[in-house]
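Here are the chains, one letter per residue:
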Amino acid sequence: MSWSADEMMTIAAARALRDGARCFVGIGRPSTAANLARRTHAPDLVLIYESGTIGAKPGTLPLSIGDGVLAETADTVVSVPEIFNYWLQPGRIDVGFLGAAQIDRYGNINTTVIGDDYRSPRVRLPGAGGAPEIAASCREVIVIVKQSPRAFVERVDFVTSVGYGSGPGDRARLGLTGRGPALVITDLGILEPDPETAELTLTQVHPGVDPAQASAATGWPLAIAGTLGTTPAPTAAELAALRELNRQAGPEEAR
Amino acid sequence: MSWSADEMMTIAAARALRDGARCFVGIGRPSTAANLARRTHAPDLVLIYESGTIGAKPGTLPLSIGDGVLAETADTVVSVPEIFNYWLQPGRIDVGFLGAAQIDRYGNINTTVIGDDYRSPRVRLPGAGGAPEIAASCREVIVIVKQSPRAFVERVDFVTSVGYGSGPGDRARLGLTGRGPALVITDLGILEPDPETAELTLTQVHPGVDPAQASAATGWPLAIAGTLGTTPAPTAAELAALRELNRQAGPEEAR
Amino acid sequence: MGEIAALRDAIADLAFDGATVALEGFTHLIPVAAGQEIIRQGRRDLTLVRMTPDIVYDQMIGAGCARKLVFSWAGNPGVGSLHRFRDAVQNGWPVPLEIEEHSHAGMANRYVAGAAGLPFAVLRGYVGTDLVAQTPNIKPITCPFTGEVLTAVPALNPDVGIVHAQRADRAGNVQMWGITGVHKEVVLASKRSLVTVEEVVDHLDPRPGAMILPHWAITYVAEVPGGAHPSYAMGYSERDNDYYQAWDAISRDRDAFNAWLAGTVMPEVRA
Amino acid sequence: MGEIAALRDAIADLAFDGATVALEGFTHLIPVAAGQEIIRQGRRDLTLVRMTPDIVYDQMIGAGCARKLVFSWAGNPGVGSLHRFRDAVQNGWPVPLEIEEHSHAGMANRYVAGAAGLPFAVLRGYVGTDLVAQTPNIKPITCPFTGEVLTAVPALNPDVGIVHAQRADRAGNVQMWGITGVHKEVVLASKRSLVTVEEVVDHLDPRPGAMILPHWAITYVAEVPGGAHPSYAMGYSERDNDYYQAWDAISRDRDAFNAWLAGTVMPEVRA
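Chains as they are written, first to last, in my numbering: chain A, 194 to 448; chain B, 194 to 448; chain C, 12 to 282; chain D, 12 to 282.
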């Protein structure tokens with residue numbers, strides 16, 4: 194059975210979710226991965242969307258963060274202030290799932306502007322949304338982003354969401370309660386913060402990927418773990434579940 | 194038709210409520226008066242209880258501030274934090290209805306302790322409840338309290354809820370947004386703050402009451418308005434409605 | 012995480028001598044049975060927190076469970092004073108009771124801050140009152156944008172938060188409706204929590220006005236039918252106004268109270 | 012106070028050049044028709060406030076209504092960028108657009124403070140991000156009890172707050188259900204408000220998950236069936252995902268956008 198790098202990335206992300214965990218889910222890839230996890234090894238995964246839906250169990254992939262199917266299937270729907278204040282902020286959520294336009298060596302994320310001048314950006318991106326506080330308050334964060342030198346930069350142009358700041362100890366100094374990015378899952382492999390330096394380090398490649406590819410797709414000299422793992426190939430069940438999800442949801446560009 | 198001083202007091206209080214007004218109602222006499230008003234001249238009076246019931250339309254007098262009949266008949270039931278933060282605090286409520294164990298010359302109210310020593314009080318009263326913020330934030334306050342030298346004191350032993358502080362300008366200095374006590378309705382008559390001095394002044398006596406009685410029942414030299422009004426006697430309809438309310442509710446000591 | 016347990020076991024695990032314990036319920040859904048179980052288990056030196064200490068706290072105070080009371084209105088609603096509370100405050104019987112006193116708005120916001128993981132809350136409140144002088148837990152705070160001075164109160168984060176509710180499902184998700192007061196806030200603000208419910212059902216059918224607390228936000232759920240009596244559970248029971256009346260006489264007298272305690276609370280049949 | 016009015020009349024009375032206007036709706040119940048009416052009435056120099064500026068704000072910005080945007084996430088959800096927004100920010104077309112940028116948590120709390128009559132809100136947020144340097148409206152604040160430093164943001168109190176909802180009764184009481192986002196907060200925070208509804212009914216029957224805003228908390232109610240399109244109103248309509256897709260092409264090009272504006276929004280039949 195063959196699969197795409199995109200599929201491998203989503204499946205690797207789904208696998209990272211422990212059954213029963215409470216997961217704060219962004220729309221797009223994180224939502225696909227979380228819903229895949231719920232359909233495979235983690236049926237009791239608790240999906241929480243920033244629209245206020247807690248325990249959503251969508252039968253099909255939602256196309257927006259506020260789809261009716263999320264409200265209809267949720268254990269409860271709360272207001273947006275409540276979801277941030279009572280549920281996210283105090284650290285009740287195990288995993289925050291984020292994407293990124295840029296991510297840097299220390300896992301800091303940019304979704305605001307590309308370019309040096311905030312007031313006159315080269316590219317204006319959508320902005321922060323819920324990400325700064327998801328990155329700050331979830332017990333840990335998983336980032337899903339395709340690996341490329343444009344996205345993996347030495348230093349993000351704008352810190353929208355804090356990873357490890359400029360290195361070890363910064364999160365504690367800033368008073369951030371969550372652990373920060375535990376995994377960065379790409380189309381090539383998985384990066385984890387080095388326990389000593391907090392620098393994102395390639396710890397795993399997906400099947401068939403040469404670590405040199407990952408280095409080439411990274412805008413800084415990529416550290417590679419001494420014992421580099423290889424992601425187990427997608428199972429037939431995983432691929433079937435993912436494809437069924439995507440088939441129901443329609444063309445990917447609609448998400 | 195004859196009536197008791199208690200009935201006159203409640204009826205006078207009911208009359209003070211404009212139809213359509215939003216009224217923050219305490220249990221006991223204020224609740225009786227507000228429900229009487231809704232049954233007589235003010236069918237569209239909006240009753241708001243600190244338990245979170247907005248627009249309650251109880252068929253019988255509630256015996257507690259959180260009776261089921263309040264929730265069942267309300268336009269909406271909100272949480273206790275919400276009733277204070279979103280509804281009371283911003284000044285959305287027209288009238289706050291308070292009782293008092295002591296009230297002083299400037300309309301300050303004590304429901305906390307009798308005696309000079311807070312830590313070792315002569316009488317420990319229930320305390321503040323919602324009153325401090327009702328007194329601060331409602332557009333105006335109506336106080337219902339039986340007149341006696343014990344209750345009407347030169348200076349309250351403990352300021353639980355601020356009236357006019359120590360005189361004109363104090364409310365503005367304290368940053369209190371509501372106007373303060375507009376009417377103090379007793380079993381003998383009605384007191385209003387003097388427009389110049391803010392001192393509670395007898396402006397009206399109930400039928401058959403001599404102003405000297407009111408003076409005798411007041412613990413400071415009571416100012417009496419130049420043109421002293423007389424409360425119109427209860428109408429048969431008012432008395433009938435009040436007695437029906439009380440009859441349904443059972444013995445008064447149960448309230 | 013929403014573990015369904017016997018009341019006795021849940022209290023034994025949650026409540027400890029010296030704990031800060033909050034039983035909440037604004038007239039409705041007051042966890043009275045849980046409070047009486049704390050009495051039976053003989054807990055001491057508790058800091059009791061509650062906006063409206065009424066009969067159940069009068070009982071706990073009279074039984075000597077409490078060292079301190081944090082509250083905003085202490086009375087027998089619709090009846091009058093709490094005599095055990097007054098006896099403790101005025102005479103130190105059976106043990107001295109320290110008090111920390113707030114307004115409802117202040118207490119409600121303290122729970123909100125606790126539930127939100129913030130160390131304090133801001134409100135327009137207390138200004139000009141004599142409450143401010145009596146506790147260090149009411150302080151001014153200045154708006155960094157307008158310069159306006161408002162009031163700050165610290166978060167409440169009890170060791171144990173207890174409420175009553177109508178129903179739970181077998182996973183421990185709790186459903187409640189009617190006047191829910193600060194139920195959500197106290198459960199979320201507390202380090203550990205117990206919800207007693209009228210019944211455990213297979214499925215929580217949606218109801219107008221109902222609020223859900225997910226099982227993973229609760230430590231224990233205990234099925235205690237009538238566990239709010241003499242308070243009520245909308246849809247299950249009516250408020251027992253006669254009990255509130257009768258409490259006045261029982262609680263006025265130390266001997267009558269002790270007899271009631273020995274005769275009514277202590278001998279509860281133990282499994 | 013919950014006066015039932017025609018959309019056109021309500022907007023004419025509420026919206027004025029230079030006003031601060033908030034249209035809210037978190038994917039669901041977005042008051043799109045009201046935004047297009049503001050375009051038709053030719054309002055200028057608005058400060059537009061919205062957590063998630065999407066198609067309706069792209070339209071208003073492209074039509075030249077806005078001088079400033081206060082927001083936390085600007086995009087075409089599930090599709091990509093807002094091209095009119097980008098063109099205004101990057102090229103000043105049709106008029107320059109000043110921006111003030113926040114996080115969702117910050118914006119939500121700014122509405123909470125506005126609804127609560129407080130000048131500011133406190134949260135754990137923004138710390139360590141570059142957002143802090145870009146607006147004076149994010150400041151540190153110190154807990155007066157613990158000394159911990161948190162973040163303060165100022166209240167939002169728009170001149171006009173507009174949301175869409177499912178239903179109102181003839182008195183102007185509004186009922187909404189499903190994802191209600193910051194609907195309550197924006198109505199309560201705003202000096203004046205408009206709720207567009209799918210229908211006005213005789214009686215609002217209670218529904219699970221429904222929230223009520225009493226008529227006296229709302230300035231105008233206007234019956235605008237389909238007024239949330241291409242967003243949706245749960246129980247009345249589905250989200251028109253194709254429209255969001257189609258908007259990408261329309262909005263990419265100034266001429267295409269102008270043609271769309273002239274052909275679709277402006278010629279709305281006027282009574």
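Please keep in mind that the hints were generated in silico from the structure rather than gathered at the bench. A virtual CB, placed ideally from N, CA and C, is assigned to each residue, including glycine. Some clues are possibly wrong.
[Unchecked claim] Mimicking EDC-like on lysine to aspartate or glutamate, the simulated pairs with C-alpha atoms at most 20 Å apart in a straight line are:
#1 D:K202 / D:D253
#2 B:K250 / C:E249
#3 C:K150 / C:D24
#4 D:K150 / D:E111
#5 D:K202 / B:D287
#6 D:K79 / A:D310
#7 D:K150 / C:D216
#8 A:K250 / A:D310
#9 B:K339 / B:E392
#10 B:K250 / D:D180
#11 A:K250 / A:D287
#12 A:K250 / D:D253
#13 C:K79 / B:D310
#14 A:K250 / C:D170
#15 B:K250 / D:D170
#16 A:K250 / C:D180
#17 B:K250 / B:D287
#18 A:K339 / A:E200
#19 B:K339 / B:D237
#20 B:K339 / B:E275
#21 D:K202 / B:E392
#22 D:K202 / D:E14
#23 C:K202 / C:E249
#24 C:K79 / C:D180
#25 D:K79 / D:D170
#26 A:K339 / A:D287
#27 C:K150 / C:D20
#28 A:K250 / C:E159
#29 A:K250 / A:E265
#30 A:K339 / A:E385
#31 C:K202 / A:D287
#32 B:K250 / D:D216
#33 C:K202 / A:D212
#34 C:K79 / C:D56
#35 C:K150 / D:E159
#36 C:K79 / C:D170
[Unchecked claim] From the structure, some residues in chain C lie toward chain A, with a derived Cβ separation under 10 Å:
#37 M12
#38 A16
#39 A17
#40 V123
Okay, the hints, checked on the actual structure:
no.: 1; hint: D:K202 / D:D253; result: 35 Å, violated
no.: 2; hint: B:K250 / C:E249; result: 18 Å, holds
no.: 3; hint: C:K150 / C:D24; result: 35 Å, violated
no.: 4; hint: D:K150 / D:E111; result: 14 Å, holds
no.: 5; hint: D:K202 / B:D287; result: 17 Å, holds
no.: 6; hint: D:K79 / A:D310; result: 18 Å, holds
no.: 7; hint: D:K150 / C:D216; result: 45 Å, violated
no.: 8; hint: A:K250 / A:D310; result: 42 Å, violated
no.: 9; hint: B:K339 / B:E392; result: 18 Å, holds
no.: 10; hint: B:K250 / D:D180; result: 17 Å, holds
no.: 11; hint: A:K250 / A:D287; result: 18 Å, holds
no.: 12; hint: A:K250 / D:D253; result: 24 Å, violated
no.: 13; hint: C:K79 / B:D310; result: 18 Å, holds
no.: 14; hint: A:K250 / C:D170; result: 33 Å, violated
no.: 15; hint: B:K250 / D:D170; result: 33 Å, violated
no.: 16; hint: A:K250 / C:D180; result: 17 Å, holds
no.: 17; hint: B:K250 / B:D287; result: 18 Å, holds
no.: 18; hint: A:K339 / A:E200; result: 12 Å, holds
no.: 19; hint: B:K339 / B:D237; result: 28 Å, violated
no.: 20; hint: B:K339 / B:E275; result: 32 Å, violated
no.: 21; hint: D:K202 / B:E392; result: 34 Å, violated
no.: 22; hint: D:K202 / D:E14; result: 15 Å, holds
no.: 23; hint: C:K202 / C:E249; result: 31 Å, violated
no.: 24; hint: C:K79 / C:D180; result: 35 Å, violated
no.: 25; hint: D:K79 / D:D170; result: 14 Å, holds
no.: 26; hint: A:K339 / A:D287; result: 23 Å, violated
no.: 27; hint: C:K150 / C:D20; result: 40 Å, violated
no.: 28; hint: A:K250 / C:E159; result: 46 Å, violated
no.: 29; hint: A:K250 / A:E265; result: 9 Å, holds
no.: 30; hint: A:K339 / A:E385; result: 15 Å, holds
no.: 31; hint: C:K202 / A:D287; result: 17 Å, holds
no.: 32; hint: B:K250 / D:D216; result: 16 Å, holds
no.: 33; hint: C:K202 / A:D212; result: 24 Å, violated
no.: 34; hint: C:K79 / C:D56; result: 8 Å, holds
no.: 35; hint: C:K150 / D:E159; result: 15 Å, holds
no.: 36; hint: C:K79 / C:D170; result: 14 Å, holds
no.: 37; hint: M12; result: 9 Å, holds
no.: 38; hint: A16; result: 19 Å, violated
no.: 39; hint: A17; result: 24 Å, violated
no.: 40; hint: V123; result: 8 Å, holds
Checked against the numbered hints listed earlier, the structure breaks hints 1, 3, 7, 8, 12, 14, 15, 19, 20, 21, 23, 24, 26, 27, 28, 33, 38 and 39; every other hint is satisfied.
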